[in-house]
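All chains, full assembly: derive it from the sequences and hints.
2 protein chains.
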Amino acid sequence: MRFFILLLIFITTNFFAQQNEDSLQIRKIYSYHLTKGRTYANLRSLCKEVGARLSGSKQAVKAIDWAKQAMIKAGVDSIYLVPCMVPHWVRGKKEKCEVNNNNKTETLSVCALGGSIGTPVNGIKTKVIEVSSFEELEKIGTEKIKGNIVFYNVSFDKEFIHTGNAYGKAVKYRSGASMAVKYGAVASITKSMTTSDNDFPHTGMMKYDSLVKQKIPAFAISARGAEKLSSLLSQNKNLEMYLYSDCVTLPDEPSYSVVGEIHGKEIPNEVIVVGGHLDSWDLGEGAHDDGAGIVQSIEVLAAFKKLNIKNKRTIRCIAYMNEENGTRGGETYTESASKESKKHIAALESDMGGFSPRAIGVDAKQDTLTYYKKWQPLFEPYYVFIKQGGGGTDISKLKGIPQFSFEPDSQRYFDFHHTADDVFEHVNKRELELGAATISSFIYLLDKYGTYTK
Amino acid sequence: MRFFILLLIFITTNFFAQQNEDSLQIRKIYSYHLTKGRTYANLRSLCKEVGARLSGSKQAVKAIDWAKQAMIKAGVDSIYLVPCMVPHWVRGKKEKCEVNNNNKTETLSVCALGGSIGTPVNGIKTKVIEVSSFEELEKIGTEKIKGNIVFYNVSFDKEFIHTGNAYGKAVKYRSGASMAVKYGAVASITKSMTTSDNDFPHTGMMKYDSLVKQKIPAFAISARGAEKLSSLLSQNKNLEMYLYSDCVTLPDEPSYSVVGEIHGKEIPNEVIVVGGHLDSWDLGEGAHDDGAGIVQSIEVLAAFKKLNIKNKRTIRCIAYMNEENGTRGGETYTESASKESKKHIAALESDMGGFSPRAIGVDAKQDTLTYYKKWQPLFEPYYVFIKQGGGGTDISKLKGIPQFSFEPDSQRYFDFHHTADDVFEHVNKRELELGAATISSFIYLLDKYGTYTK
Numbered sequence: 001m002r003f004f005i006l007l008l009i010f011i012t013t014n015f016f017a018q019q020n021e022d023s024l025q026i027r028k029i030y031s032y033h034l035t036k037g038r039t040y041a042n043l044r045s046l047c048k049e050v051g052a053r054l055s056g057s058k059q060a061v062k063a064i065d066w067a068k069q070a071m072i073k074a075g076v077d078s079i080y081l082v083p084c085m086v087p088h089w090v091r092g093k094k095e096k097c098e099v100n101n102n103n104k105t106e107t108l109s110v111c112a113l114g115g116s117i118g119t120p121v122n123g124i125k126t127k128v129i130e131v132s133s134f135e136e137l138e139k140i141g142t143e144k145i146k147g148n149i150v151f152y153n154v155s156f157d158k159e160f161i162h163t164g165n166a167y168g169k170a171v172k173y174r175s176g177a178s179m180a181v182k183y184g185a186v187a188s189i190t191k192s193m194t195t196s197d198n199d200f201p202h203t204g205m206m207k208y209d210s211l212v213k214q215k216i217p218a219f220a221i222s223a224r225g226a227e228k229l230s231s232l233l234s235q236n237k238n239l240e241m242y243l244y245s246d247c248v249t250l251p252d253e254p255s256y257s258v259v260g261e262i263h264g265k266e267i268p269n270e271v272i273v274v275g276g277h278l279d280s281w282d283l284g285e286g287a288h289d290d291g292a293g294i295v296q297s298i299e300v301l302a303a304f305k306k307l308n309i310k311n312k313r314t315i316r317c318i319a320y321m322n323e324e325n326g327t328r329g330g331e332t333y334t335e336s337a338s339k340e341s342k343k344h345i346a347a348l349e350s351d352m353g354g355f356s357p358r359a360i361g362v363d364a365k366q367d368t369l370t371y372y373k374k375w376q377p378l379f380e381p382y383y384v385f386i387k388q389g390g391g392g393t394d395i396s397k398l399k400g401i402p403q404f405s406f407e408p409d410s411q412r413y414f415d416f417h418h419t420a421d422d423v424f425e426h427v428n429k430r431e432l433e434l435g436a437a438t439i440s441s442f443i444y445l446l447d448k449y450g451t452y453t454k
Numbered sequence: 001m002r003f004f005i006l007l008l009i010f011i012t013t014n015f016f017a018q019q020n021e022d023s024l025q026i027r028k029i030y031s032y033h034l035t036k037g038r039t040y041a042n043l044r045s046l047c048k049e050v051g052a053r054l055s056g057s058k059q060a061v062k063a064i065d066w067a068k069q070a071m072i073k074a075g076v077d078s079i080y081l082v083p084c085m086v087p088h089w090v091r092g093k094k095e096k097c098e099v100n101n102n103n104k105t106e107t108l109s110v111c112a113l114g115g116s117i118g119t120p121v122n123g124i125k126t127k128v129i130e131v132s133s134f135e136e137l138e139k140i141g142t143e144k145i146k147g148n149i150v151f152y153n154v155s156f157d158k159e160f161i162h163t164g165n166a167y168g169k170a171v172k173y174r175s176g177a178s179m180a181v182k183y184g185a186v187a188s189i190t191k192s193m194t195t196s197d198n199d200f201p202h203t204g205m206m207k208y209d210s211l212v213k214q215k216i217p218a219f220a221i222s223a224r225g226a227e228k229l230s231s232l233l234s235q236n237k238n239l240e241m242y243l244y245s246d247c248v249t250l251p252d253e254p255s256y257s258v259v260g261e262i263h264g265k266e267i268p269n270e271v272i273v274v275g276g277h278l279d280s281w282d283l284g285e286g287a288h289d290d291g292a293g294i295v296q297s298i299e300v301l302a303a304f305k306k307l308n309i310k311n312k313r314t315i316r317c318i319a320y321m322n323e324e325n326g327t328r329g330g331e332t333y334t335e336s337a338s339k340e341s342k343k344h345i346a347a348l349e350s351d352m353g354g355f356s357p358r359a360i361g362v363d364a365k366q367d368t369l370t371y372y373k374k375w376q377p378l379f380e381p382y383y384v385f386i387k388q389g390g391g392g393t394d395i396s397k398l399k400g401i402p403q404f405s406f407e408p409d410s411q412r413y414f415d416f417h418h419t420a421d422d423v424f425e426h427v428n429k430r431e432l433e434l435g436a437a438t439i440s441s442f443i444y445l446l447d448k449y450g451t452y453t454k
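Residue numbers (the working numbering), protein chains in the order written: chain A, 1 to 454; chain B, 1 to 454.
Quick caveat, the hints were computed from the structure, so don't treat them as lab data. Just to be clear, a hint being listed does not mean it is correct.
Given that identical chains are not distinguished, each listed pair holds provided it fits within a single copy or across any two copies.
Cut-off 30 Å, straight-line C-alpha distance, at most; resulting in silico cross-link-like pairs (DSSO-like, lysine-lysine) [said to hold, decoys possible]:
no., residue 1, residue 2
1, K448, K387
2, K158, K169
3, K215, K343
4, K310, K28
5, K448, K158
See the structure below:
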């Protein structure tokens, strides 16, 4: 009994001593990012010196070089590029959307959706059929839809707390063109995927159903535009719309993901991945999506170096190419990783914007979650939960290892996501830095204690 | 033993059943605020139809009527006004701050601090002595300071996670005029209390030390202006500055706090207070400070009414007058409450902006905190902690009862606080609404379970 008590005291003391050591180290990590980190300066540089960087574009090539330089500055031990062939979609001339309202031409804010074909050179002029769901589309049927434009006026579900869930529910309508063409539509317009009511159209990937031969141009309309259009249609069912887009898909282009790492000091053969995606949509500057994730991931490595943290395992920062319209970088990195002698043990992605940290999402069942949940008290001074969630588009290709996501506050993300307004000015310095600090701290614990094993 | 086990099962089952009932009710509360609430519409109306509402101003009178109408619309059972005499400080003509740099006049962004006297009608023109602390001021001493302007160039401490703590540390320099005049200074300029580096000067209350007879004009300079000024001074120690302000303190004015309540259905004699302050600074629209707290508090009552929640206790919304420069509303409300037959059992204040909810702060010792911490699992789906903290300037006058604060994310608060940029457009609809939902949910639990008793 006495031995048992002594053992208990030892274990408890040890536990608290470790908690205290970790708590101090995490405090240092946060202080580093808030006072010395280059996260914000790097984001300014990526947004203003490189700017929008859609896969296959010249700016994407520039971004690859930018990432290499930023990783070198961060002090990584080695850098390499992982090649991939990426889609090369080009928007071309500015889109047009006009309706005639009482002999007055009104312009509505639209943009072509990524992957869409363009309209004929003279555009499309015809009537608009508004629907609020695929079910309604089916009910209206071919007779009324044939030769017309289908307008998917589907709003975000406001009841979700995490706006990403509302996005997940509505985003299928972005690929509604193939469904519309089945009923004879000549174009589709989808209300932008947003919680806001502003006038920016939100682009994003649309896919044509491979089983449907015919393709029609697909557009997104701003939330304000959708409201206006719906209101005009309620007054005049025969309203005619003129639509024009100039986009085209060119042959695939060679591109690269950029990988930088700091070697493990004890178990260098085990790799922990932290990353985001380097490509962005062609509108805006890709500041929140996903410049934030890129500069945070790079700064994680910088923090380990600058704070002289002796990481046991290899920590690898990946600036993935082509998350937005193909995930080719995620695929080829995973292929390349499968041929390595090193073993991946965990991966974390930051791809939800540079807002204040709210949680680390763990892609795991309850017993596994309990393991990571034990770290939550260390994050409470920073208002961060450890919770179910996790993963990310790029790292999802790395099967069979624990996946984590950095979860910033989601309320403003879809104000900017995929728009011309996703610019550096909408990222708050401290919010971005706190994100980098949260990720660094979680990677620190993952490296120190390893992942859950049964 | 069997009885004990049965009792345990009963207690446990009961506990989980209650948790589940509460969880469903809280989900309804959040849904109400996100889909049907008037929080955002009310804030637009307060900001755009009333605007800035400094105590003693015509707009403050208008705000009182606005609050009454908004409470009536919310469906409260009764409304009354609690009178108070408030300070009446008037800014007057726009302030001026100019320096001569290589024969070029440069204008720096300044504003008078609330409560300051004005400069002589022709302004002040003299040299500037920069200090980074009161200690440095003392070290420099009378010989160099006499007849000059003291410039407190003190930055926010970036290492604090909650920016309010950095504010708490730096804010004493806003009242640095009396310290400066001891060494013969003729005016003081304080770097704005902000985490940002923009060009808005931040006003706020300054107090003259009652033991120091002489008063000098006190200004705040924007963060960018402070950087510019410091840079110019480093090149030219004899730089001359021209300062002008027109402000004056008029006799106190009669004013009111607005109180609305919904009666308790079981213990109407017990009162739970939820509130914010109705007055704001004269620059901007008082959107975050504290329009947000006002519209949230009003909407708490509306939620109880619209969701038909049978509150046991009386829930009272207080729109306090004069938090910014006197706390007279807090004082007279407390006086009036002490004469009531009803008993106050708890108070919560929302006065940290309309940002995403992070926590409910509890002003309590560990054992008391544990009681409220039990509710945290109910808030985890909304990413909200229950943590130590609590209180607020207005409710702090209500001594001897548990005090709570609504803690939104603090990172952007001091970008806007007390500036011309604290406008409706900088409040995100969902963030504001989630705040109202968090407060309503916590008040719901306080009402249902009561406060901690030993």
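Those earlier numbered hints the structure runs against, lowest number first: 3
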